[in-house]
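Visitor: Sequence:
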Amino acid sequence: MKSIDQHKGNTKSDMVYDFIKEQIITGIYKPDGRIIIRDVAQQLGVSDIPVREAIKRLAADGLLETKSHSGARVAPINTETLEEIFLIRIELETLSTRLASKAASTEEIDALERLVDEMDDSINKQDLNAYSLSNRAFHQQLYRASHAQVLIDMVENLFLRSENSKMVFHYDPDRLRHSNEEHRSIVNAIRERDEEKAARIIRSQKETGFNVVLNALRISRMLQGGESKS
1227 MKSIDQHKGN TKSDMVYDFI KEQIITGIYK PDGRIIIRDV AQQLGVSDIP
1277 VREAIKRLAA DGLLETKSHS GARVAPINTE TLEEIFLIRI ELETLSTRLA
1327 SKAASTEEID ALERLVDEMD DSINKQDLNA YSLSNRAFHQ QLYRASHAQV
1377 LIDMVENLFL RSENSKMVFH YDPDRLRHSN EEHRSIVNAI RERDEEKAAR
1427 IIRSQKETGF NVVLNALRIS RMLQGGESKS
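Residue 1430 in our numbering sits at position 204 of the sequence shown, with consecutive numbering throughout.
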């Protein structure tokens, strides 16, 4: 891995923050897993100070938990909390899509369409990691196209606090194809400025996807004989 000093334009704390966040979202750092400050510092070629600063920010985001004697750990997945987050996300992401249908520029809509094409390509290549990255970029681009900054910040915070929950279930290629067809339909609806259609599709997609995650988590909890709670 490149030393963090090779990155320009951000502080070391910013870079450590982005690194740990990505490890959590992609499931490399597991729920309840400890974050060893010295290990992260050595991996990235920095001192302990920017790692500690990044951990404080991630704890404020709800991605990490910190305790005086046990240090930092990845926040455990709690299905009750997650269900509440999902309910809020459905409403906020539907609203964001409505606003994007009115406010998105032609360039932003074109960017969304390119991401849909990238996801199709990833599905054909059976590259789940590439699909996940493009999928995340698609939804971030979609909500930012609302041009409602307070709303965007709220959605992105909730996204961060819940996205690592998806590690519990298996991605079905047929489901991915159907999901990406929905993405394309959303883009077409936005291009036509049909906010009702775009909002209807995103709401249905989110309700279906979130139910799959919650059901998988409940099954996992039953198999493990209980759920870890903070």
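Because the hints were derived from the structure by calculation, they are not lab data. Predicted model, so just to flag it, every value in this text is computed and none were measured. Be careful, since some hints might not be right.
[As the list claims (entries may be wrong)] Quick list of in silico lysine to aspartate or glutamate cross-link-like pairs, DMTMM-like style, CA-CA up to 20 Å:
#1 LYS1238 <-> GLU1279
#2 LYS1247 <-> GLU1317
#3 LYS1432 <-> GLU1279
#4 LYS1282 <-> GLU1310
#5 LYS1432 <-> GLU1408
#6 LYS1282 <-> GLU1317
#7 LYS1238 <-> GLU1306
#8 LYS1432 <-> ASP1420
Visitor: All hints are to be evaluated individually against the structure, with a verdict given for each.
Guide: Each hint tested on the structure:
1. LYS1238 <-> GLU1279: This hinted pair holds, its Cα atoms lying about 9 Å apart.
2. LYS1247 <-> GLU1317: Violated, at about 24 Å.
3. LYS1432 <-> GLU1279: This hinted pair is violated, its Cα atoms lying about 34 Å apart.
4. LYS1282 <-> GLU1310: violated, 24 Å
5. LYS1432 <-> GLU1408: holds, 11 Å
6. LYS1282 <-> GLU1317: With Cα atoms ~29 Å apart, LYS1282 and GLU1317 exceed 20 Å; violated.
7. LYS1238 <-> GLU1306: Given that 20 Å is the threshold and the Cα spacing comes to 35 Å, the pair is violated.
8. LYS1432 <-> ASP1420: OK: LYS1432 and ASP1420 at ~19 Å, within 20 Å.
The structure shown violates the earlier hints numbered 2, 3, 4, 6 and 7.
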